[in-house]
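Trainee: The task is to assemble the complex, starting from two chains supplied on their own in separate frames and drawing on the hints.
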Amino acid sequence: MTLTRADFVGVMTNAISGLGLAPAAAMVTFPIEMFLPGSDISPVEARRQEFYDGLTRWSLEPAGNGGGASAMVSVQGATPEDALVRANHRILANQWGDGLPVWPATRERVEWILQGTPLPREHVLGTFPPRGGVATVEGCAVALAMAGGRPEYLPVLVAGVEAFLDPESGSEQLQAASGSAFPVLIVNGPIAPQIKLNSGFGCLGPDPQYPAGASIGRALRLMQQNVGGARPGVGTMANYGGLRYTNVVFAEDEANLPAGWTPHGRERHGFGAGTSSISLAFANGATNIRRRGAKKETPEEDALQGMHRMADFMRVPNLAGLAGYERGAPGILMIPGVVAQTMTGLGWTKRSMREFLWEHSRIPAEQLRRAGGYAWIEIDASAVTRDSAALDPWPITATPDNFILIVAGGGHPTNSYWLQGYSPGVVGREIRVPEHFSRLLSEAERDLTGA
Amino acid sequence: MTTLEFYDPCGRLEVRQPHAPRLDTLRGKRLGFVSNEQWQAFRMLPLLKSLLERDFPGVEVLPIDAFPQGNALIGNEETAAEVKRSGVDAVIIGNAA
Chain D
86 MTLTRADFVG VMTNAISGLG LAPAAAMVTF PIEMFLPGSD ISPVEARRQE FYDGLTRWSL
146 EPAGNGGGAS AMVSVQGATP EDALVRANHR ILANQWGDGL PVWPATRERV EWILQGTPLP
206 REHVLGTFPP RGGVATVEGC AVALAMAGGR PEYLPVLVAG VEAFLDPESG SEQLQAASGS
266 AFPVLIVNGP IAPQIKLNSG FGCLGPDPQY PAGASIGRAL RLMQQNVGGA RPGVGTMANY
326 GGLRYTNVVF AEDEANLPAG WTPHGRERHG FGAGTSSISL AFANGATNIR RRGAKKETPE
386 EDALQGMHRM ADFMRVPNLA GLAGYERGAP GILMIPGVVA QTMTGLGWTK RSMREFLWEH
446 SRIPAEQLRR AGGYAWIEID ASAVTRDSAA LDPWPITATP DNFILIVAGG GHPTNSYWLQ
506 GYSPGVVGRE IRVPEHFSRL LSEAERDLTG A
Chain Z
3 MTTLEFYDPC GRLEVRQPHA PRLDTLRGKR LGFVSNEQWQ AFRMLPLLKS LLERDFPGVE
63 VLPIDAFPQG NALIGNEETA AEVKRSGVDA VIIGNAA
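Chains as they are written, first to last, in the working numbering: chain D, 86 to 536; chain Z, 3 to 99.
Excised from the complex, chain Z in its bound form (with noise of 0.2 Å):
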């Protein structure tokens, strides 16, 4: 029999930061949406707004357009700074690219 050994070539992740906390409740929040503007955002993110504002009395969701939007402008630093000024308990993020 013989054994060969070999090395994983997947090199190790460094966990550095954790995931954001879950919010309680979305009642009474603030909400916000980082846009790419693509895929169809431009009727999807409008379409949770309403969703949002519907089932959840209270809560405010920012217009889609509160923050920077495109690829090249929602994953820079400059977008991520405006985002924690504005005060939003949480974002969501879409629609890919």
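The following block holds chain D by itself, in its conformation from the complex (with noise of 0.2 Å):
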């Protein structure tokens, strides 16, 4: 039995149904009040019958299951457009929107998804936490489908399905965690281009010339909501919860690449070269960092001056990289393809970018100390990160060769971007296509550019 906090039952009942048990439980729940410093705990007493109650006398409703697979529902309207709008009030009134316009996920759209995938649909890709929703291929359609995907966006998101669903994401805590995570795919490989997924200028964002990172971001999150049962306030503690429209899904930009510059998912990963892959780490911040100077630097200060600029930004102790210290990721670094150039051309490598990120970026003890980071370091699992508490100043990750180091962004140097990260694992995922992938591309060219 449980004691905890009014606004943590959804979260709890998650983690129940997440162990494989029917989704309730005995729990005594009090105002979040209650659980503050120096909080008025009489209520324990006053309500300790509930208590004994719990240990003793509580037992399952029995239509506490859960429901049965592939469930249909449906609506009817006067007209097709009445009978859409319909279909997206009981979309919302269900919870399983985002506020935005769905297309419901109807026989037909599913059908038609479901060719992007050499998969059978009823494969099984593992259970969604919290909650323990059965992933499938098919409930990957069913959310793209709502995302306004199309099956050519498919295996990306059943790869990054599949890494979410890796215990080595961390997925599991921080699904229902307070801090905001989000997950991000990094694409690499021939598939990129091919689904029209954005490397270039605004890659983060939706673009009408590069639709695939929206939908697929999206349906992640419809399916993090749905299957996983991560909505805000109930399945999860999210307090601001960024980015969660879409969550973010780019390319790295390959063509750009400096010579030397191994691509992201064949160095962290090892996927051999024009293997198409997803890397997928969680980040809970998102900052823009002006990167060029301003007015008559050699090209070797601006570089110098950009860098520390990035390495100042990460020199900041509000512990988001504990998540990952030992082998995720403190976060994802994006420059775009020229800057790479220019600073290679200068004698910079990318591992020499790192060291110096690693090695600028340390935060001297009594600044860890004045902010209260020493009490999260030592409550960490991980023994590496425990030990590291002894180190001045303070790495703000175990090693060099966890910062994710990305090409992408608009060829223009004035600025690169900083997803903080709060990533347990970064994992990789192979992305395969069915036979007959080319003329699903032929149908998107056809399709999207009115050809």
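To be clear, the hints were calculated from the coordinates, so they are not data collected in a lab.
Note that the coordinates shown come from a computational prediction; the quantities given were computed from them, not determined experimentally.
All residues carry an ideal CB built from backbone N, CA and C; glycine is no exception.
Among the clues, some could well be false.
Said to hold, decoys possible - Quick list of simulated restraints, FRET-style, between CB atoms:
{"no.": "1", "chain 1": "Z", "residue 1": "Glu80", "chain 2": "D", "residue 2": "Ala344", "range": "45 to 51 Å"}
{"no.": "2", "chain 1": "Z", "residue 1": "Arg87", "chain 2": "D", "residue 2": "Asn324", "range": "36 to 42 Å"}
{"no.": "3", "chain 1": "Z", "residue 1": "Val17", "chain 2": "D", "residue 2": "Arg531", "range": "42 to 48 Å"}
{"no.": "4", "chain 1": "Z", "residue 1": "Thr5", "chain 2": "D", "residue 2": "Arg206", "range": "20 to 26 Å"}
Mentor: Here it is, written out as structure tokens:
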């Protein structure tokens, strides 16, 4: 039996069903105020009989088994448009949408999208934490249909869901936690340009020229919410929930990688050249960092000052990187291709940039102490993290290799972008496409260009 | 009239194990706490322990720190095994995260 906050019941119910139990439990709940320092805890005594009953008399409501597979819903309208409006109302009433209009996942649309995978529709990808809903290929197609997606996006979504459900990703905890984590999918390989996944200007936002990222990310978010149970304030305690409409799905700008730079998928996960892959990490912040100088800097000064600005920005004791201190990522640094190429010409390498960032983002012990950082480090589950408390200045991550450095963004040298990591692990998956994928691409070209 | 039929996007749940049976009484039983040590657990759980001991003579309530505490430890298999080995009849889990 459980003692918990009233606002935490959804999280608890999800956690219970995620363990394979019926989604209910004996709980005694109190308002959040009782859980704050200095609170009046006398209600525990006043309601003690509820604890005793929970241990001796609680029983499961018979209807609490979560329902069956592939249930269908129907609405009727006077006209097709009226039916579409009513479907959207029903979807919101059932808390299945995200506030923006969705495509109802009709049989026809789901069948169409399922053409995008070589896997059978009933193939189980895993159980989605924390609720424990069974994630299938068909479930991916349903979410992608709702998100306005297309068949050629499905292989990326399926790979993303596989990575998300890998325990190494940390999704089991991050789905429910208050830190507002969002998944970041970095795509490498030929599939990115084939499906029009953006790697250039505005690659983190919606773009009618490159519509894939928004649909794939939105579909993943809908699965997090519907299959995984992460409804804000009910199944997830994320305080702010930034970037949740579309998560972050983009491609590395491989066409503009400098000589000697290995694509991220091969470097971090060992995928072969020409392999399409995704790499999933979690982040919980996104900030533009001005990179270029403004006056008469030499190229060397311009590069060095930009590196210092980026490292200085990372040198903050908010401890987001603790989640992946040992083998995850303190963040994802995105730099445009033109910057990577210029810095390579000046003698910088990917390794030397990572080492610079690691060294210059270390936090002096006094600053960490005054911000209460040591308490969080000392309670961490990782011995490597706990032992790092002895280091002064304190590195924000265990090794320089943990930094994810990606070439992406428009061909303009002024800015870089930092996705603050909150990522226990970084998980890669190969993207598998069906034999008839080229036909799907031809159909997409026809549909999306009017050709 | 137009009918639009579409999928419920939530997927199915698989119930793989039953909830633990309830105790017939608390008298003479051995109880424990599994605590994340946050949200005033250090005040509320000892109060609950004292209430149980007052209301049910003969009950044995283990100390609050009898099992590993903290979010990083209470959910792992080692802690679950330790709880089972202790021979407690039931545990109270608190205080959310």
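Trainee: Each hint should be assessed against the structure and marked as holding or not.
Mentor: Hints versus structure:
1. Between Glu80(Z) and Ala344(D), the C-beta spacing of about 49 Å keeps the proposed range 45 to 51 Å intact.
2. Between Arg87(Z) and Asn324(D) the CB atoms are about 38 Å apart, so this pair conforms to the stated range of 36 to 42 Å.
3. Between Val17(Z) and Arg531(D) the beta carbon distance is about 46 Å. The supplied range of 42 to 48 Å therefore holds.
4. Against the hinted window of 20 to 26 Å, the Cβ-Cβ separation of Thr5(Z) and Arg206(D) comes to about 23 Å, which satisfies the hint.
Hint compliance for this structure: no hint is broken.
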